[in-house]
Amino acid sequence: MTQTMKQFKNGLLDQNPTLALMLGMCPALATTTTMTDAAGMGLTTTAVLICSNFAISALRRIIPEKIRIAAFITIIAGFVTIADTLLQAFAPSLSRSLGIFIPLIVVNCIVFARAEVFAFRNGVGRSVLDGLAMGMGFLMALLVVAGVREFLSAGTLFEFRILPEAVPTLPVMAQPPGGFLALGLALAVTQAVRSKRKARSAV
Amino acid sequence: MKGDFAETVETREETPDSRAATPVEDPPEPPPAPAAKSLPDLKGALMRTRPFLHKAGLWLRKAWSAAKRASLAVWRVLSVTGRALRRFFKKDSIPNLALVLALLTTVTAAGLGITQSLAEPRIADARAEMFKATMGTVFPDEGLTFTRSSLGENIYEGRDGDGRLAGFSILVSPRGHTGPVDMIVGVDLLREVTGVEVVAHREIRDFSAAVEQGIMEALASFDRGIQP
Numbered sequence: 012m013t014q015t016m017k018q019f020k021n022g023l024l025d026q027n028p029t030l031a032l033m034l035g036m037c038p039a040l041a042t043t044t045t046m047t048d049a050a051g052m053g054l055t056t057t058a059v060l061i062c063s064n065f066a067i068s069a070l071r072r073i074i075p076e077k078i079r080i081a082a083f084i085t086i087i088a089g090f091v092t093i094a095d096t097l098l099q100a101f102a103p104s105l106s107r108s109l110g111i112f113i114p115l116i117v118v119n120c121i122v123f124a125r126a127e128v129f130a131f132r133n134g135v136g137r138s139v140l141d142g143l144a145m146g147m148g149f150l151m152a153l154l155v156v157a158g159v160r161e162f163l164s165a166g167t168l169f170e171f172r173i174l175p176e177a178v179p180t181l182p183v184m185a186q187p188p189g190g191f192l193a194l195g196l197a198l199a200v201t202q203a204v205r206s207k208r209k210a211r212s213a214v
Numbered sequence: 016m017k018g019d020f021a022e023t024v025e026t027r028e029e030t031p032d033s034r035a036a037t038p039v040e041d042p043p044e045p046p047p048a049p050a051a052k053s054l055p056d057l058k059g060a061l062m063r064t065r066p067f068l069h070k071a072g073l074w075l076r077k078a079w080s081a082a083k084r085a086s087l088a089v090w091r092v093l094s095v096t097g098r099a100l101r102r103f104f105k106k107d108s109i110p111n112l113a114l115v116l117a118l119l120t121t122v123t124a125a126g127l128g129i130t131q132s133l134a135e136p137r138i139a140d141a142r143a144e145m146f147k148a149t150m151g152t153v154f155p156d157e158g159l160t161f162t163r164s165s166l167g168e169n170i171y172e173g174r175d176g177d178g179r180l181a182g183f184s185i186l187v188s189p190r191g192h193t194g195p196v197d198m199i200v201g202v203d204l205l206r207e208v209t210g211v212e213v214v215a216h217r218e219i220r221d222f223s224a225a226v227e228q229g230i231m232e233a234l235a236s237f238d239r240g241i242q243p
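As given, the protein sequences belong to chains A and B, one line each in that order. The first sequence begins at 12 in the numbering used here and counts up one residue at a time. The second sequence begins at 16 in the numbering used here and counts up one residue at a time.
Hint data in this document are derived by calculation from the structure and do not stem from the laboratory. Just so it is clear, the structure is predicted and the values come from calculations on it, not from any experiment. Careful: at least some of the hints might be erroneous.
Cut-off 16 Å, straight-line C-alpha distance, at most; resulting in silico cross-link-like pairs (EDC-like, lysine to aspartate or glutamate) [what the hints assert, rightly or not]:
no. : chain 1 : residue 1 : chain 2 : residue 2
1   : B       : Lys147    : B       : Asp107
2   : A       : Lys77     : A       : Asp25
3   : A       : Lys77     : B       : Glu212
4   : B       : Lys106    : A       : Glu76
5   : B       : Lys105    : A       : Glu76
6   : A       : Lys209    : A       : Glu76
7   : B       : Lys147    : B       : Glu168
8   : A       : Lys207    : A       : Glu76
9   : B       : Lys147    : B       : Glu172
Every beta carbon over 10 Å from chain A, so not counted as near; a handful from chain B, in silico [stated by the list, open to error]:
no. : residue
10  : Phe67
11  : Leu75
12  : Phe161
13  : Glu168
14  : Ala215
If the Cβ cut is set under 8 Å, some of the chain B residues that face chain A in the computed set are [to be verified]:
no. : residue
15  : Trp90
16  : Arg91
17  : Leu116
Ideal placement from N, C-alpha and C gives every residue a C-beta, glycine not left out.
Full structure from sequences and hints, please.
Shown next, in the form of structure tokens:
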């Protein structure tokens with residue numbers, strides 16, 4: 012398996028930021044009431060991840076160790092603000108429904124952790140790929156949770172009606188307790204799959 | 016080629032109909048089904064999109080090489096900057112820390128300023144569209160058209176079908192908890208407030224229902240005929 016494919020597999024499965032590393036769970040609970048919101052959030056975070064990983068990796072020899080955190084925050088906040096402005100201009104309905112969680116991407120642990128752990132120590136190409144892989148993993152986790160929540164609470168997926176209107180739904184899934192339930196289930200399934208794979212590879 | 020296909024389909028459509036005909040009465044004449052509706056002309060569509068795909072491929076290749084050149088240029092600028100900094104400042108010395116942070120914040124601010132100025136007209140347009148769609152809701156009459164008024168920046172005049180002035184729609188943005196709350200106030204010619212509608216707010220989700228409901232309840236507690 013090439014290095015690139017290994018990185019993608021890492022981001023999507025082995026070290027999925029939300030389901031394996033348990034980072035970025037706040038947006039995973041807050042923006043997953045509908046799949047469109049989740050997709051918008053995941054794609055925006057991916058874009059910010061790619062850009063910030065690129066910038067931090069490009070500047071890694073210039074930024075001194077002592078102020079690296081301040082530098083990271085500046086770069087990440089700059090890209091998030093640009094993303095927020097562009098969303099307000101070109102996708103105003105998404106910007107309104109995601110609301111305050113777009114600016115909160117600045118403190119999303121995934122962006123910061125990848126900057127510190129990967130982008131600051133690796134080349135530009137690798138860092139961009141890492142941003143893309145982790146972003147895709149985050150998007151996948153969000154879509155899984157949102158799929159469960161939207162399907163059980165409204166019977167729709169991406170606002171296409173799947174269950175007929177007459178079927179009773181679970182509105183609690185659209186509220187915070189349902190969010191915790193859905194995320195917990197996703198985490199449990201991920202851990203089961205990972206431990207089984209680990210047991211198989213250990214044998 | 017498309018003609019042959021159509022003929023095949025037409026024949027196939029006629030056969031089940033004749034089989035279903037009862038001997039006693041004449042079957043009702045089926046509406047002539049146009050051949051294009053039964054099966055899509057996939058091959059023709061693919062042939063038609065080929066030049067478009069070709070152009071898109073060329074554009075992508077040009078964009079990719081432009082992106083590579085741009086990032087190479089950026090990389091060169093950065094390495095020259097880095098080497099200059101190393102020549103004059105030791106990496107962990109205080110002047111270097113301050114200088115790197117200053118450079119970083121300046122470049123970030125410049126980028127933000129450029130993006131903001133580029134996106135400003137689009138954002139203003141989107142807001143204006145949103146307002147125009149809801150301006151009529153504050154008036155009891157239907158079918159009013161709204162135009163900007165010479166009275167002020169955020170005041171729109173509502174005219175009915177005959178062009179007579181029916182009232183004014185005023186955009187207000189008082190400060191809310193998380194940011195400005197955009198509202199439309201409808202005022203008729205007797206200086207009475209006909210209605211208030213919340214157009215947009217940035218309150219967090221748990222508050223949003225309370226915001227809209229609270230405003231409506233507060234307004235309902237006034238008598239009609241508020242003098243401005």
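Here is how each hint holds up against the structure:
1. A distance of roughly 56 Å separates the Cα atoms of Lys147/B and Asp107/B; the hinted pair therefore is violated under the 16 Å criterion.
2. With a C-alpha separation of about 31 Å, the suggested pairing of Lys77/A with Asp25/A is violated against the 16 Å cut-off.
3. At roughly 52 Å between alpha-carbon atoms, Lys77/A and Glu212/B are farther apart than 16 Å, so this suggested pair is violated.
4. Under the criterion of a C-alpha separation no larger than 16 Å, the hint pairing Lys106/B with Glu76/A is consistent with the structure, at around 9 Å.
5. Between Lys105/B and Glu76/A the CA atoms are separated by roughly 12 Å; this keeps the pair inside 16 Å, and the hint holds.
6. With a C-alpha separation of about 36 Å, the suggested pair Lys209/A and Glu76/A falls outside the 16 Å cut-off, and the hint is violated.
7. Using a Cα cut-off of 16 Å, the hinted pair Lys147/B and Glu168/B holds, with the two alpha carbons roughly 14 Å apart.
8. Proposed proximity of Lys207/A and Glu76/A is contradicted: the alpha carbons are some 40 Å apart, above 16 Å.
9. Distance check on the hinted pair: Lys147/B and Glu172/B sit about 11 Å apart at the alpha-carbon level, within 16 Å; holds.
10. At roughly 24 Å from the closest C-beta of chain A, the C-beta of Phe67/B stays outside 10 Å, upholding its exclusion from the interface.
11. The beta carbon of Leu75/B sits about 17 Å from the closest Cβ of chain A, which is more than 10 Å, so the claim that it is off the interface holds.
12. Every beta carbon of chain A lies more than 10 Å from that of Phe161/B, the smallest distance being close to 20 Å; the non-interface claim holds.
13. Consistency note on Glu168/B: stated as away from chain A, and its beta-carbon is indeed over 10 Å from all of that chain's, at 20 Å minimum.
14. The claim that Ala215/B lies off the interface is violated: its Cβ sits roughly 7 Å from the closest Cβ of chain A, which falls inside the 10 Å cut-off.
15. A cut of 8 Å between beta carbons decides the hint on Trp90/B: the least distance to chain A is about 7 Å, and the hint holds.
16. Because the closest C-beta pair between Arg91/B and chain A is about 11 Å apart, greater than 8 Å, the hint is violated.
17. Evaluation of the Leu116/B hint against chain A yields a held restraint, the C-beta minimum of about 6 Å falling below 8 Å.
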